[in-house]
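*Asks:* Residues per chain are reported as follows:
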Amino acid sequence: TQLLEQSPQFLSIQEGENLTVYCNSSSVFSSLQWYRQEPGEGPVLLVTVVTGGEVKKLKRLTFQFGDARKDSSLHITAAQPGDTGLYLCAGALGGSGTYKYIFGTGTRLKVLA
Amino acid sequence: DAGVTQSPTHLIKTRGQHVTLRCSPISGHKSVSWYQQVLGQGPQFIFQYYEKEERGRGNFPDRFSARQFPNYSSELNVNALLLGDSALYLCASSLDLYNEQFFGPGTRLTVL
Chain A
1 TQLLEQSPQF
11 LSIQEGENLT
21 VYCNSSSVFS
31 SLQWYRQEPG
41 EGPVLLVTVV
51 TGGEVKKLKR
61 LTFQFGDARK
71 DSSLHITAAQ
81 PGDTGLYLCA
91 GALGGSGTYK
101 YIFGTGTRLK
111 VLA
Chain V
1 DAGVTQSPTH
11 LIKTRGQHVT
21 LRCSPISGHK
31 SVSWYQQVLG
41 QGPQFIFQYY
51 EKEERGRGNF
61 PDRFSARQFP
71 NYSSELNVNA
81 LLLGDSALYL
91 CASSLDLYNE
101 QFFGPGTRLT
111 VL
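Protein chains in written order, with this note's numbering: chain A, 1 to 113; chain V, 1 to 112.
Looking at chain A on its own, in the form it has when it is part of the complex (with noise of 0.2 Å):
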């Protein structure tokens, strides 16, 4: 069974404050996407990420993809209100026509103004 945990799983925090949110496998992804997801509705991409070591940056976030295409993480710099929400990671696993995504467990942020 082919699973991504995320951690951690809930954090709060004041707004300013930096965190990191890591999502790991055992499994060898080709390509893995960040999302963030607001209650009732579906989850929103942020970035996509494919190649082993990539960094990639939306305005105060950061995302790596690790060497090994086995994990991920995202930084929040100097987070805002705003960036409340369930932050989703997704691995792609693929090959021979047929192709799925496994979602990580979730990482519930709640930033205090």
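Everything labelled a hint here was simulated from the structure, so no lab data went into it. Every residue gets a Cβ at the ideal spot worked out from N, C-alpha and C, and that includes glycine.
Selected chain V positions facing chain A (Cβ under 10 Å, derived; list incomplete): (1) 6; (2) 35; (3) 41; (4) 56; (5) 90; (6) 92; (7) 100; (8) 102; (9) 103; (10) 104; (11) 108.
The calculated lysine to any residue pairs, modelled on SDA-like cross-linking and capped at a C-alpha distance of 25 Å, are: (12) 59/A x 99/V; (13) 100/A x 71/V; (14) 100/A x 69/V; (15) 70/A x 99/V; (16) 59/A x 110/A; (17) 100/A x 77/V; (18) 56/A x 102/V; (19) 57/A x 98/V; (20) 56/A x 67/A; (21) 30/V x 95/V; (22) 52/V x 75/V; (23) 59/A x 39/A; (24) 70/A x 41/V; (25) 100/A x 59/V; (26) 110/A x 44/V; (27) 100/A x 6/V; (28) 100/A x 20/V; (29) 100/A x 30/V; (30) 13/V x 39/A; (31) 100/A x 100/V; (32) 100/A x 57/V; (33) 70/A x 57/V; (34) 100/A x 65/V; (35) 100/A x 41/V.
Given chain A, work out where chain V should sit, using these hints.
*Replies:* This is chain V only, laid out in the frame that chain A set:
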């Protein structure tokens, strides 16, 4: 441009009934995937369709089935509903099998 659309938004059914959920992908996208998200958990993969063919299946019972139409829209069918089927059902579309997925707002199914 319209994103992924799903209908209905909410649905209430009783045990043993059947339900059909619908999804329209982003224009130009040929792949549609279905996910089940139980409260407090990440989405669980159910199916992926590409060019009207099933290309991926998660660990769900045969009560769950889906299909993709020539216009690339899709339906998810669930028979003999159980209480445990209550969840947010998400549809995602992508250009093809290997591109990133974009999600719709979901259908909230409640089974009483």
